[in-house]
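Chemist: Given these sequences and hints, build the entire structure.
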Amino acid sequence: MSGEASSARMIATLTVAGLASGLLLVGVYEITKPIIEANNAAALERAVFQVLPGTTSMEPIVERDGALAIGSGSKDEEELDTIYLGRDSAGTITGYAIPWQGTGFQDVIKLIYGYHPARGVVVGMEILESMETPGLGDKIFKDASFLANFEALAVEPTIVPVANGAKTEPHQVDCITGATISSKAVVKIINGGNEHWLGLLPEGDPWGARPEAPEPTPEPTEPTP
Amino acid sequence: MESFVYIFMGAMVINNFTLSYFLGLCPFFGVSGKVTTALRLGLANIFVMLITAFCAWFLNTYILIYAPYLKIISYILVIASTVQFVEMVIKKLSPDLFRALGIFLPLITTNCAILGLAIFMTNKGYGLGQGLIYALGAGAGVTLALVLMAGLREEAELSDVPALMRGTAMNLIIAGLLSLAFMGFAGLFSGA
Amino acid sequence: MSDLNSSARAYTEFAKGIWKENPVFVQVLGMCPMLAVTNTAINAVAMGAATLFVLVGSSFLVSLLRNYIPKQVRISTYIVIIATFVTVIDYVLKAAAPEVHRDLGAFIALIVVNCLILGRQEAFASRNTVKMAVADALGMSAGFAFALLCLGGVREILGSGSLFGISLFGPNFEPWVVMILPPGGFIMLGLILFFFSWLEQRARDRRARAALEGGA
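Just so you know, the sequences run in chain order A, B and C. Mapping of the first sequence onto the numbering used here: position 54 corresponds to residue 82, and the numbering continues sequentially without gaps. Mapping of the second sequence onto the numbering used here: position 78 corresponds to residue 491, and the numbering continues sequentially without gaps. Mapping of the third sequence onto the numbering used here: position 153 corresponds to residue 155, and the numbering continues sequentially without gaps.
For the record, the hints were derived by calculation from the structure and aren't laboratory data. Every residue, glycine too, gets a C-beta built ideally from N, C-alpha and C. Check the hints yourself; a few may be wrong.
In silico BS3-like cross-links for lysine-lysine, where the CA-CA straight-line distance does not exceed 25 Å [said to hold, decoys possible]: (1) B/537 <-> B/447; (2) C/96 <-> B/504; (3) A/216 <-> A/195; (4) A/170 <-> A/61; (5) B/505 <-> A/216; (6) A/61 <-> C/133; (7) C/133 <-> C/73; (8) A/212 <-> B/537; (9) B/537 <-> C/96; (10) A/216 <-> A/170; (11) A/61 <-> A/138; (12) A/212 <-> A/195; (13) B/447 <-> A/138; (14) A/61 <-> B/537; (15) A/138 <-> C/96; (16) C/133 <-> C/18; (17) A/138 <-> A/170; (18) B/504 <-> B/447.
Computed spacing ranges between beta-carbons, pair by pair [claimed, not checked]: (19) C/17 <-> B/443: 34 to 40 Å; (20) A/36 <-> C/151: 45 to 51 Å; (21) B/497 <-> A/229: 54 to 60 Å; (22) A/170 <-> B/571: 44 to 50 Å.
Here are some of the chain B residues that sit facing chain C, going by a computed Cβ distance under 8 Å [claimed, not checked]: (23) 438; (24) 448; (25) 528.
Modeler: Okay, structure coming up:
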């Protein structure tokens, strides 16, 4: 190998390395992008169907300047400006899936919950991300009896956490013994989401059918075999 | 929107970069058991972290939105340049400090805590102000861990440690106990 | 004959990374991922595989181009090469195995600052042929993966009562939760290092005794 290389050679080496690297990365990015987006969409769909029982199709609804409209909001998850309208196979609204987040015991908890406007209850809740203590706080997504709290949870006047076993009213939630802070955090997050969204939700079903349906809905005029 | 106090204390003690996220362990175990050196290394880390947080915010806001796949490369190159720059500055301003820090100064480049800061900051979607406070808290946490570790090792030097355990094995157990102690900070902001 | 020698040498370079110069137990490198992703055995294996991809790929390229990279910019070039491979595996994992990607989190990106990788480029790949460099990289990766699996296996068995997600002790097992938390990681690794240095000591004593008997 030669001794001290010239500046030109040094710059050339770095430039070539940078360009080669850039090209390779652009290629990998473009190839994996559709797969990653499909994965994310599938995961979101699964979560929405989970918290709104009976849902077979969903549409994103975005909030802009205090008004709601069909469509996606910013891709940035932190913005929390999009909720999802669920419909069952007959087209009836099953509810709205609302993603929200807040401080837990260890770190931020992200969850999504389903709200049925006509019945005025929360119908499901799923934790999306949590760093709570394994074995204790992580029961918020593992403990079946805690999750059962959210199957028909009234939201009026507000959701109230109570000690385990003390639940008497439909708007109360039984907290997990030994993980009260994580449990209360979940309640606080849902109350926060409600505070933000419930006032904006319309009565009934003003959304109507979308001009171009994302997936073909069965037409009543299908020829019988 | 998390408050600045929450971000700072969160990064410094509740989710300490070294004792909870396992970042910055090379200097943690490698730096000599001297409290003064540990403190100085910690301060150098804070400085590099602040600059990195600013550059990461700048990159995220203006450049990486067009090329997100260049994230890792641009972060690490920014960190390498920053460390080079800090090295030159310290050499000029305080040759003694430069000699005392020795090899650990260029090793800040491969310190996972700095790159970890850039990545976590991006994942949490912090803006400039939040990012700088996060860097300050994270750096303070790393410094705290380094200084505590150095102090404990100074004590351990004088204790009767079994020969087979001396060195990294003992240091790991000390670090484990320190990490256990820091777990007590969880729930500081639960406000329940 | 020289071909046989070369293969024998390649095997030596490979084997040293697994035990004699094991990156974690002997060289004490790569501590950050070692403690962070070993809360389950499957995460440990995934991290081992990702590191193998980056280390072998980087060593291959660095060795291939070693005569063309000027000395002054070698570290920067190594960093660009390593960071490229890390970004590739990051996106590939995100597309092919999203759960693993989420569990490993930022530590996939942090492979770029794993002192093991940059260290091998500087100490070995830049001074040896491609064949030797790849052998060395494979050995170091295997040793690293072995260490990860040791700690990951123990932590998962004690901390969750399972191995690779398969429950071992049934539902009545009270897991030692601290094992999957940070303090457990530190302490367990310390005990494992203690155990290995005890093994080393035994081997040394045996060799010393054999030397004495041989001499007498």
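Chemist: Please go over all the hints and tell whether each is borne out by the structure.
Modeler: We went through each hint and held it up to the structure:
no.: 1; hint: B/537 <-> B/447; verdict: 35 Å, violated
no.: 2; hint: C/96 <-> B/504; verdict: 43 Å, violated
no.: 3; hint: A/216 <-> A/195; verdict: 17 Å, holds
no.: 4; hint: A/170 <-> A/61; verdict: 32 Å, violated
no.: 5; hint: B/505 <-> A/216; verdict: 53 Å, violated
no.: 6; hint: A/61 <-> C/133; verdict: 34 Å, violated
no.: 7; hint: C/133 <-> C/73; verdict: 22 Å, holds
no.: 8; hint: A/212 <-> B/537; verdict: 23 Å, holds
no.: 9; hint: B/537 <-> C/96; verdict: 18 Å, holds
no.: 10; hint: A/216 <-> A/170; verdict: 19 Å, holds
no.: 11; hint: A/61 <-> A/138; verdict: 24 Å, holds
no.: 12; hint: A/212 <-> A/195; verdict: 14 Å, holds
no.: 13; hint: B/447 <-> A/138; verdict: 42 Å, violated
no.: 14; hint: A/61 <-> B/537; verdict: 21 Å, holds
no.: 15; hint: A/138 <-> C/96; verdict: 20 Å, holds
no.: 16; hint: C/133 <-> C/18; verdict: 15 Å, holds
no.: 17; hint: A/138 <-> A/170; verdict: 15 Å, holds
no.: 18; hint: B/504 <-> B/447; verdict: 21 Å, holds
no.: 19; hint: C/17 <-> B/443: 34 to 40 Å; verdict: 27 Å, violated
no.: 20; hint: A/36 <-> C/151: 45 to 51 Å; verdict: 48 Å, holds
no.: 21; hint: B/497 <-> A/229: 54 to 60 Å; verdict: 55 Å, holds
no.: 22; hint: A/170 <-> B/571: 44 to 50 Å; verdict: 46 Å, holds
no.: 23; hint: 438; verdict: 4 Å, holds
no.: 24; hint: 448; verdict: 21 Å, violated
no.: 25; hint: 528; verdict: 5 Å, holds
In this structure, the hints that do not hold are numbers 1, 2, 4, 5, 6, 13, 19 and 24, in rising order.
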